[in-house]
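Undergrad: Chain by chain, the residues:
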Amino acid sequence: MSQAGYLGMSMAGPQAHDKRPLSPHLQVWRWHVTMATSIFHRASGVALYLGAMVLTAWVMALASGPEAYGAYMAFLMSPLCLLILFGITTAACYHLANGIRHLAWDAGKGFDPKVSTATGWATIIAGAVGAVLVFALAFLA
Amino acid sequence: MTHSLRTPLSRARGLGSAKHGVGHFIQQRATAIFLTVLLPWFALSVLLGTDGSYDSVIGWMKHPLNAAGTALLVLTGLFHMRLGIQVVIEDYITGPVARTVSLLANTAIPAILAVSAILSVAKVFVGA
Numbered sequence: 001m002s003q004a005g006y007l008g009m010s011m012a013g014p015q016a017h018d019k020r021p022l023s024p025h026l027q028v029w030r031w032h033v034t035m036a037t038s039i040f041h042r043a044s045g046v047a048l049y050l051g052a053m054v055l056t057a058w059v060m061a062l063a064s065g066p067e068a069y070g071a072y073m074a075f076l077m078s079p080l081c082l083l084i085l086f087g088i089t090t091a092a093c094y095h096l097a098n099g100i101r102h103l104a105w106d107a108g109k110g111f112d113p114k115v116s117t118a119t120g121w122a123t124i125i126a127g128a129v130g131a132v133l134v135f136a137l138a139f140l141a
Numbered sequence: 142m143t144h145s146l147r148t149p150l151s152r153a154r155g156l157g158s159a160k161h162g163v164g165h166f167i168q169q170r171a172t173a174i175f176l177t178v179l180l181p182w183f184a185l186s187v188l189l190g191t192d193g194s195y196d197s198v199i200g201w202m203k204h205p206l207n208a209a210g211t212a213l214l215v216l217t218g219l220f221h222m223r224l225g226i227q228v229v230i231e232d233y234i235t236g237p238v239a240r241t242v243s244l245l246a247n248t249a250i251p252a253i254l255a256v257s258a259i260l261s262v263a264k265v266f267v268g269a
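Protein sequence lines, in the order shown, are assigned to chains A and B.
Quick note on numbering: my numbering labels position 113 of the first sequence as 113, and the sequence is numbered without any gaps.
Quick note on numbering: my numbering labels position 46 of the second sequence as 187, and the sequence is numbered without any gaps.
Derived by calculation from the structure, the hints in this document are not laboratory data.
All C-beta atoms in this analysis are idealised placements derived from N, C-alpha and C, irrespective of residue type, glycine included.
Heads up, some of the hints might be wrong.
[To be verified] In silico negatives: residues of chain A with every beta carbon more than 10 angstroms from chain B: (1) Trp-31; (2) Thr-56; (3) Phe-86; (4) Phe-111; (5) Leu-137.
[To be verified] Facing chain A, according to a computed beta carbon distance under 7 angstroms, are these residues of chain B, among others: (6) Ala-173; (7) Leu-188; (8) Val-198; (9) Ser-257; (10) Lys-264; (11) Val-267.
So that you can see chain B by itself, here it is in the shape it has in the complex (with noise of 0.2 angstroms):
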């Protein structure tokens, strides 16, 4: 170690904060005060405004707010649900290929998740 060339300041270069954490930690508190609203909603307007049958279901998604409201809440829910559960793989994960592999499927599977339930709902929503 004492041999080395390089300097104390050269070695700590890049070990400290991503500068990302505040960001995070704010987006992650956003995307759970909006969800104490859309949730609730979401699971009371569904059950108390449809049977759950194909016909009512279509027909609850047509009205405009419905699709909105389920939209914002697949985009909402799932970027909560990113930033979530990138901690728990950050905290629990420490081999270099595994925690790149886990933190490259948890960007690829909220994307996949988001864009397959918005084209789904604008379908409905559009759709004859």
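The following block holds chain A by itself, in its conformation from the complex (with noise of 0.2 angstroms):
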């Protein structure tokens, strides 16, 4: 194909057209932790709109008044809705910890193969016990 009708191609939008695969092309990469870790971060960032939802909807309550307010954590603390709180908290601690681990690459530390893969592993165990803890904080203490 000639350059111009590349350009050309372009201009209606390259991604609708071509066929190349996406990076990281789940279909032909064997998963490894800091493959699966980048992927977390993403999806855990998503999910943390419907945290900030929940955050805002929280504070909405508490400006409306104490019947608004006993209502909203009524609602939150149904079984389902404990469950999401428990992923939301779960994404949140998991995202903060790799979100760490992203500024020390920026800086240019811990990009060693071995390093990154202890630093994946640890994130992962962060996001886990960091939700349990903040749990426990909440019902336990």
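Given two chains presented individually in distinct reference frames, assemble the corresponding complex, making use of the accompanying hints.
TA: So this is what it looks like as structure tokens:
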């Protein structure tokens, strides 16, 4: 294809036409922890969109008075909502831990494969342990 | 293609970088750094400083430091969220209409959440 033809296609939106595989192309990559932490980081970030809505609704309920706050808290304490809240808390703890890992990478530290694999497992564990600690503080303390 | 009257330069114009990439990158990291402090502070402060009841949370929010910190967390978090979800939309949603609608929604939703949360914090902080 001529260069002019390619440019003409680009103007219509290259991604709609190209059949090239998308990175990281899940079908051909063997799962490894650094790839999983990258995917989890994006997924947990998307999940925190719901978390932002839950937090905003909580502050709005607080501003709306004791009845609204009580009704919202009762709603949040239903079994399904508690499960969702635990998921959001896990996503927040994981995204925070892996975000710090990303900041270290931005500073040029921790790129060694052995180190990045170890810190990858550490962020997954931090997400799970952090969520359990938050729920323990919320319901046991 | 070879019969076009447009010059190669004319066809290439407008297809380059929007020149917003570095600003996006830096804003994403700057908000991330602030959130590593704000989010743990907020979670621990609410969990340890209140029992979750209406009266105790109202009392907590009436403290200037707590009201300011909550407002900062909401603003910083929603700014960071908008930048992150923008990249996800640009990566996966390729249809021009769906992409435009998603990007507009990704501006409107954080703005609505931010205004709602800030007004609520202000009302509790000032209010009776």
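Undergrad: Taking the hints in turn, state whether each one holds.
TA: Structure-based check of all given hints:
Chain B leaves Trp-31 of chain A outside its interface by the beta-carbon criterion, the shortest separation being 20 angstroms against a cut-off of 10 angstroms. The beta carbon of Thr-56 of chain A sits about 5 angstroms from the closest Cβ of chain B, which is not more than 10 angstroms, so the claim that it is off the interface is violated. For Phe-86 of chain A, the requirement that its beta carbon stay farther than 10 angstroms from each beta carbon of chain B is met, with the minimum near 14 angstroms. Under the 10 angstroms C-beta cut-off, the non-interface status given to Phe-111 of chain A relative to chain B holds; the minimum distance is some 17 angstroms.
With a least beta-carbon separation of about 4 angstroms from chain B, Leu-137 of chain A fails to lie farther than 10 angstroms from that chain, contradicting its non-interface assignment. Checking Ala-173 of chain B against chain A by beta carbon gives a least distance of about 5 angstroms; that is within 7 angstroms, so the hint holds. For Leu-188 of chain B, the shortest C-beta to C-beta distance to chain A is roughly 4 angstroms, which falls under 7 angstroms, so the interface hint holds. Against a cut-off of 7 angstroms between C-beta atoms, the interface hint on Val-198 of chain B holds, since the closest Cβ of chain A lies about 6 angstroms away.
The beta carbon of Ser-257 of chain B comes within 6 angstroms of a beta carbon in chain A, closer than 7 angstroms, and the hint placing it at the interface holds. Of the supplied interface hints, the one on Lys-264 of chain B holds, with its beta-carbon coming within about 4 angstroms of a beta-carbon of chain A, less than 7 angstroms. Contact between Val-267 of chain B and chain A, as hinted, is not supported at the beta carbon level, the nearest pair being about 10 angstroms apart and thus beyond 7 angstroms.
Going through the hint list in order, the structure does not satisfy hints 2, 5, 11.
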